[in-house]
Amino acid sequence: MSLGLKQLVTLGRVPCVCNLQVIRRLCSAGISQSSMEHEKPVESLIRKKLAEAFEPVHFEIINESYMHKVPKGSELHFRILVVSEKFENVPMIKRHRLINDALKEELSTHIHALAIVAKAPSQWKNQDVDIGKSPTCLGGFGI
Amino acid sequence: MSAVTRLFLSSTRPTGALKFIRATFATQPGSKEHIESLIKDKKLVVFMKGTPDAPQCGFSNAVVQILRFHGVNEFDSYNVLQDENVRQGIKDYSNWPTIPQVYINGEFIGGTDIMIEMHKNGELIEELEKIGIRSDLLDNPDKQA
Numbered sequence: 001m002s003l004g005l006k007q008l009v010t011l012g013r014v015p016c017v018c019n020l021q022v023i024r025r026l027c028s029a030g031i032s033q034s035s036m037e038h039e040k041p042v043e044s045l046i047r048k049k050l051a052e053a054f055e056p057v058h059f060e061i062i063n064e065s066y067m068h069k070v071p072k073g074s075e076l077h078f079r080i081l082v083v084s085e086k087f088e089n090v091p092m093i094k095r096h097r098l099i100n101d102a103l104k105e106e107l108s109t110h111i112h113a114l115a116i117v118a119k120a121p122s123q124w125k126n127q128d129v130d131i132g133k134s135p136t137c138l139g140g141f142g143i
Numbered sequence: 001m002s003a004v005t006r007l008f009l010s011s012t013r014p015t016g017a018l019k020f021i022r023a024t025f026a027t028q029p030g031s032k033e034h035i036e037s038l039i040k041d042k043k044l045v046v047f048m049k050g051t052p053d054a055p056q057c058g059f060s061n062a063v064v065q066i067l068r069f070h071g072v073n074e075f076d077s078y079n080v081l082q083d084e085n086v087r088q089g090i091k092d093y094s095n096w097p098t099i100p101q102v103y104i105n106g107e108f109i110g111g112t113d114i115m116i117e118m119h120k121n122g123e124l125i126e127e128l129e130k131i132g133i134r135s136d137l138l139d140n141p142d143k144q145a
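Chains as they are written, first to last, in UniProt numbering: chain A, 1 to 143; chain B, 1 to 145.
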């Protein structure tokens, strides 16, 4: 996957979700991974911790902070998709608890909201499942 | 003051004060006992940000809308923004880090993601049946969200 500078600049102008999806794909393709760690410390940490805990066959993360009344570049609201063998035959509430436990420290410090989609590979089967989008923010700062 | 009265006061006052202190601590906002008192004997309770008519968070609003979609318009709710102790206490009680939280028959069911999933896979209809609520979806299966 190679993109020219012109294309990247053009992509940068594409608003919100479309743009995020492109960035997500670029990141999952390993592009600018090192610079991402500096610019997105919380996202990198979530990625690292979940990779260690669940060895996911597929993982996606979207920073949804832009949907809320928080400073630009904030890392407070996230939506994640984790597809892991470890979720096979595990009830949904238990999967969520496992993820919450793996991110316990971050949830009590950095993360304000975390939407979780946790699937077993048998429920995934390489589908390009849309992990959705969180509801519109109705709160003020920090709510 | 008679000796009998003095004896009565000295023996009852500390006990009364102790009882008062115990009662105060037992119902301290956000304590396990307080949370239990909020969900005990209630069919359905939603701990949320804001109220069902004026949610102050998109996730809380989503839970209210799902319930309404199933025809559940009347249910107990608690606005955690009114009390920081309950906001933290409910997270400790369920060992669940986020709001909203839904309780059916005193049992923690989940937050928004789980309610959405249960709505999609039909489990929510069964959960509502357990507390004697017939989901609107059973009578109007073609109802659109």
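It is worth saying that the hints were derived from the structure and are not from the lab.
Here a beta-carbon is modelled for each residue, glycine too, at the ideal position from N, C-alpha and C.
Where hints are given, some of them may not hold.
[As the list claims (entries may be wrong)] One side of the interface only, derived from the structure: several residues of chain A facing chain B at Cβ under 10 Å:
hint, residue
1, N63
2, M67
3, P71
4, H96
5, G132
6, P135
7, T136
8, L138
Contradicted hints - numbers only: The structure breaks hints 1, 3; every other hint is satisfied.
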